[in-house]
Amino acid sequence: MSQITPVFKREFLGYFRTPVAYVFLVVFSVASVGLAFFIGGFFKANQASLDSYFTFMPWLFLFLIPAAGMRLWSEEKRSGTVELLFTLPITTLEAVLGKFLAAWAFITLAILLSFPMILTVVYLGSPDWGVLAATYLGTILMAGAYLGVCSLTSALTKNQVISFILSLLACLILLFLGWSVFSGVLASVLPVWLVDILANFSFNTHYDSFMKGIIDPKDVVFFLSLTGFTLFLNVVALER
Amino acid sequence: MIEAKGLVKTFNARHAVDGVSFTVNRGEILGFLGPNGAGKSTTMKMLTGFLRPDAGTATVDGLDVTADPVAVKRRLGYLPESAPAYPEMSVEEFLGFIAEVRGFRTAVEKRARVEHVLGLTHLGTVRKQPIETLSKGFKQRVGFAQALLHDPPALVLDEPTDGLDPNQKNEVRALIKSMAAQKAVILSTHILEEVEAICTRVIIISRGKIVVDETPAQLQARAPGSRLDEIFRSLTVSDI
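Residue numbers (the working numbering), protein chains in the order written: chain D, 1 to 240; chain F, 1 to 240.
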């Protein structure tokens with residue numbers, strides 16, 4: 001497992017060797033804050049909370065995480081470096097984990113760069129630190145699950161555009177499952193018990209409780225197991 | 001050192017490699033010849049553990065590639081066709097990454113290894129340059145440096161002199177020859193003079209099968225007085 005470190009390091013620093021990192025971090029920060037200010041009514045709410053900031057995260061992730069994750073394996077396949085990587089003394093699992101953890105660390109960095117928002121609410125009022133901590137934890141865990149899906153779809157194709165669209169679609173479905181309008185439509189064709197089960201697989205359903213400040217082991221396990229499962233499929237897809 | 005036994009690989013019902021067997025000992029340089037698409041690269045990919053053979057076994061130092069791929073990869077240096085490398089990394093960064101994956105983790109060890117191969121392959125002048133800005137000859141040398149970094153007992157080189165100018169070709173040949181005493185080397189090539197110049201044995205592969213396995217002198221003796229490429233042509237004419 002010690003072989004994860006060099007792969008992680010190369011991948012993480014790799015973001016900063018190209019403009020990708022800077023474009024991503026700027027777009028992420030501007031979009032997340034913009035959504036909170038102009039659509040979320042951050043100031044109008046008159047509350048010392050970051051609800052209006054984090055409530056858009058699942059939707060922002062829907063586009064931005066596939067953008068960050070689409071290259072994970074597609075690029076290696078396209079440029080042929082996958083042959084180099086897999087003739088070095090590392091296992092497929094180590095390579096998958098190294099690259100995934102690097103991308104996750106990068107997204108986490110983007111999330112943590114929202115700290116000026118915290119400073120703002122601290123300046124304007126006194127936020128509930130427990131809720132904030134839970135929300136950050138939930139956001140990072142959810143990002144991992146999104147990224148697991150993206151890493152998997154990226155391993156299926158050497159075309160980054162196809163990889164992006166596939167992961168967007170997969171994440172969209174996982175997001176919509178918990179949206180009342182969508183489950184209403186589903187309920188008209190599927191039995192209600194099945195719709196209820198499907199709704200349990202939604203990002204939104206599990207993310208909401210984190211935003212309320214509740215760290216329920218069920219939600220933590222959901223995000224972690226979805227991440228683990230997609231990474232397992234990722235290994236299978238690469239060893240095929 | 002390197003042994004292939006009845007290797008078979010099928011792509012879409014076409015036998016890319018069809019029962020290839022040979023042994024390469026330390027001190028030998030095996031030239032792998034054959035028309036494009038004859039199965040040279042596919043055989044090499046199976047030897048290095050990138051592709052799993054459909055049948056047959058490949059062993060390096062008595063270790064089976066399928067059973068213990070990581071141990072085999074530790075003992076192998078592999079230059080894939082067209083020398084893939086991470087384009088955004090500088091030569092030094094890239095070789096540093098390879099050194100870390102190869103287990104040279106301390107700064108001193110890593111530096112010593114990188115400096116050593118930079119010297120061997122004359123890459124000192126471009127060490128800080130991103131690989132994507134290098135000419136084909138330099139890129140090829142980066143791939144060569146990467147394969148030599150851990151001083152492996154077995155070397156598999158897929159067209160090591162491809163894209164080099166005549167002087168660089170001579171230099172690479174001299175380098176291979178100088179290392180060959182302690183190593184088992186397999187190299188594929190299209191250049192018949194290369195075989196005469198450095199190989200101790202020749203295998204000609206056509207349509208996935210070995211048609212010749214002998215010394216360059218024996219190959220020449222098949223048609224005394226004629227040029228090697230005429231002999232090659234007559235042996236592989238079924239491929240055209």
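For the record, the hints were derived by calculation from the structure and aren't laboratory data. Do not rely on the hints blindly, as some may be mistaken.
Cross-link-like lysine-lysine pairs, in silico, DSBU-like; alpha carbons within 35 Å at most [claimed, not checked]:
# : chain 1 : residue 1 : chain 2 : residue 2
1 : F       : Lys-136   : D       : Lys-9
2 : F       : Lys-5     : D       : Lys-9
3 : D       : Lys-158   : F       : Lys-139
Here is what the structure says about each hint:
1. At most 35 Å may separate the alpha-carbon atoms for a hinted pair to count; F:Lys-136 and D:Lys-9 meet this at roughly 27 Å.
2. With a C-alpha separation of about 38 Å, the suggested pair F:Lys-5 and D:Lys-9 falls outside the 35 Å cut-off, and the hint is violated.
3. A hinted pair counts as satisfied when its Cα atoms are at most 35 Å apart, and D:Lys-158 with F:Lys-139 qualifies at roughly 22 Å.
Hint 2 from the earlier list is the only one contradicted by this structure; the remaining hints agree with it.
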